[in-house]
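Asks: Below are the chains, spelled out letter by letter.
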Amino acid sequence: MNKKIRRMTELALLTAIALIIFVVELQIPNLSPVAGVKLGLANIITVYAVYRCKWSEAALMLLARVLLGSFFSSNPSALLYSLSGGTFCLLGMLPLKKIIPINRLWLCSVFGAVLHNLGQLTAASLIMKTAAVWFYLPPLVLSGCIAGALTGLAAQLVIKRTEKIK
Amino acid sequence: MKTKAKKGLVLAYILAGVLFLSGALGTLLLLMPHKMNIVQVLRDDQILYTVYINAEDERFIRIDYGDSYNLLEIKDGKIRVSEAGCPDNTCVKMSWLSSSAPIVCLPNHLVIKFASDYDGIDAVVG
Amino acid sequence: MIKKPKWAGVLFVSLLSILLCSCGSESPVYQTGFVAMDTYIALTVYGKSAESAAKAAKEEVMRIESLMSATDPDSEVSKINEMAGETVTISDDTEKVIRAALETGKESGGALDITLRPVITEWGFTTGNYKIPDEETLDNLLEKVDYRSVKVGDNTVFLPFGEQIDLGAAAKGYAGDRAVAVLKENGVESAIISLGGNVQALGAKIGGTSWNIAVNNPFDEGNMCLLKLENASVVTSGNYERYFEGEDGKRYHHIIDPADGYPADNGIVSATITGESGLKCDALSTAVFVMGAEKAEKLWREKGGFEMLLVTEDKRIILTEGLTDVFTNLSDMEVSEIKR
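Protein chains in written order, with numbering that gives the first Met the number 0: chain A, 0 to 165; chain B, 0 to 125; chain C, 0 to 339.
The set of hints was computed from the structure by calculation and includes no laboratory data.
Check each hint, because a few of them may be wrong.
[Claimed, not checked] Listed next, with one range per pair, are the computed distances between beta-carbon atoms:
hint	chain 1	residue 1	chain 2	residue 2	range
1	A	K2	B	D56	56 to 62 Å
2	C	G221	B	K6	54 to 60 Å
3	C	E320	B	D56	49 to 55 Å
4	B	V9	A	L62	32 to 38 Å
5	A	P28	B	D56	30 to 36 Å
6	B	G16	C	I205	39 to 45 Å
7	C	I205	A	L66	34 to 40 Å
8	B	Q39	C	I131	36 to 42 Å
9	C	E246	B	W95	26 to 32 Å
10	C	T38	B	Y68	17 to 23 Å
Yeah, the Cβ is synthetic: ideal placement off N, Cα and C, and Gly gets one too.
From just these sequences and the hints, can you work out the full model?
Replies: Okay, here's the thing in C-alpha cells:
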C-alpha cells in the first residue's frame, strides 16, 4: 500500500515538473510562424518516463500534463497540438527503447522531439485545413534534432545523478 | 539477438544523422526567399484565409460577397486579385501583393495583406 | 527518496511560473482594422488599455465620417450642400475642417478648393461612371467653383446657392487627429494609425525608437523611401491612387486642378507632407500636388510649419531640409534637398 502511494506521488511529481516546464516554455516567443507549435521541452519528462516507468504510467503522465497544461495557454488549439505532439513522441520512443540503450537516451529523445513536431504539424494541417503548413517541416525537423538531443542529454544527466547504479 | 540490437542502434544513429542534415539543408533552402511567407485575407477584422503563398502551387480562391465577388490568384509565391465584381476594380489594378500596401476591395470589405511578419515598416503612405 | 526541500522547490517554481504566465497573457499591443471613410483603416495601439482605447478611437473615426461624408445623405456636409443658399448650423468639428481647408486654399492661391465637387462629380469620381467631360461643361461648372465664397461663422457656414462642397481632401487628416486625441484621453502614449494614404503617429514606438513610415513608389511596386518619425502626421497625395483610363488610353486621376477643371498636371506625381496636424497635412498634400514644385517651395519658405517630399514626373525626389535626417532612400531616384 505504501509502495503504491509512493509510486503515485513520484508520478505526480514528475507530471508537475513536466507541467512547469510546459508552462515556462509558453513564455518563450514562438519562433515558428505556425501558431501554436512549441519546442516540446516538457518531453524531457516523457523520455525519462519511457525508460524509467511502465508505458501505461508514461501515457497517463502525458495525458495529465497535456490536459492541465491547456489551462495555462490562451490558445485553444494548443491542447490539440500538445496532445498530438506528445502522442507521436511517446508512440515513437516506446519501440525505440528496445534498440537504444539508456546510456544513449539522447538519441531516442532526438526521434521523440522530431516526432513531437511531426505530431504538431499534423494537428496544424488538420485544424487549418491546409497542407501548406508542411512547408515548415525542414526547420521543425532541425529544431527537433537539436532540442531532442539537448533534452535527452538533460534527462540522461538527471538519471545519472539520481541513480547510483548505471 | 545482441547483434540485432546493435545493428538497430547503428541504424538509429544513421537515421538521426540523416534527419539532422536534411533538416539543416531544407531550412537553408527555405531561408533564401524573403520573409513574406504568410498572407492573410480578411473581411473587415475577420481573417477568412491564412495563405502560405510559397507552399502553394497555382491556386484560385473565389470569395463571394452579396452580389459581388473577388477572385484571388496565387502563383509563384505571389498573390493578387485577378478578377472582381466591384465597379472600379481598384483591387485588380493593384496587381501582385507587395509589402508596401495591402490589396483592398472597399465595396467588398476585403483586405489582403502580409501577416505580422515584421519587415521593419510600421506604416505606408501613398 | 522524496525530501521536503524538493517539494518546496517544486512549489516555488510552480508559483513563479503561474506568475510569469499571468504577465505574458496580457498583450501589450492591440491591432485592428476596419473600412471607413472610403478606405481601409489600421490601428496599432500599445499600452495596458490598448483594446478599449482602440475601440474608442474607431468610434470617433466613424463619428467624423458620419459628419463629413459627402455621400452620406445624413451627414453635415450633405446638409450644407442641400441647403446651399442658406446659413447652416454645423458642429465644431466640421467648422474646424472647413476653416483649415479654406485657409489652405488661400495660402495655396486656390490650389485647394473645397467647392470643386460638381467638377469631380462630372468626371465620375463620386459615382463610378467615369467619363471625360467636354471643355464647355467644365467651364460652366467652374463658374460655380470658388472657395472664397464660402462664409464660416461661429458654428455656421454659408454656401452660395448652386455650389457644392466636399471635404475629402481634409476629413481623413482630421479623423486621424481626432483618433489620436481619443487615444491620448484613454491613456495611450504610443500608437500608429493608417487611414489609406494618411498616417498619424502618436508618440514613439515602445522602446523609444521612431516609427518607420514607408512612402509608396509612384512609378514602381514597392517602397520608395523611409521616414523615421515620432508624434507626426504624414499624408501623401498621388496621381496613381484613384484614376481611370479614358478611351484615348490616357490616365485621368482624381486630383483636379481648380484652375482648369482637369486632373492636375504640374509636374508632380506624389506629394508627401509631414507635420503635427493631420488636418493641415492632408489639406496641404492636395494643394501642393496641384501647385507644382516651384510654387510649393515658395509656400514652404513663406509659411513653414510643415515639411514635404515631392516626386516629380521626371523621377526626381525633392526633400525639404527638415526631413534630411529622417529620410532613407530605398529607390534609385535622385534626391535634391531644399534648404531655407
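Asks: Evaluate each hint against the coordinates.
Replies: Quick rundown of the hints versus the structure:
1. The hint said 56 to 62 Å for the Cβ distance between A/K2 and B/D56, and at roughly 60 Å that hint holds.
2. Remark: the range hint 54 to 60 Å for C/G221 to B/K6 is upheld by a beta-carbon distance near 57 Å.
3. Under the hint 49 to 55 Å, the C-beta atoms of C/E320 and B/D56, about 51 Å apart, fit the expected range.
4. The given range of 32 to 38 Å is respected by B/V9 and A/L62, whose C-beta atoms sit roughly 34 Å from each other.
5. Taking the beta carbon of each, A/P28 and B/D56 are about 32 Å apart, inside 30 to 36 Å as hinted.
6. Checked against the hint of 39 to 45 Å, the pair B/G16 and C/I205 passes, with Cβ atoms roughly 44 Å apart.
7. For the hinted restraint 34 to 40 Å between C/I205 and A/L66, the CB-CB distance of approximately 36 Å keeps it satisfied.
8. Evaluation of the 36 to 42 Å hint for B/Q39 and C/I131 yields a pass: the beta carbon distance comes to about 38 Å.
9. In this structure the supplied range 26 to 32 Å holds for C/E246 paired with B/W95, their Cβ-Cβ distance being about 27 Å.
10. Separation of C/T38 from B/Y68 is about 21 Å and conforms to the stated range, judged on CB atoms against 17 to 23 Å.
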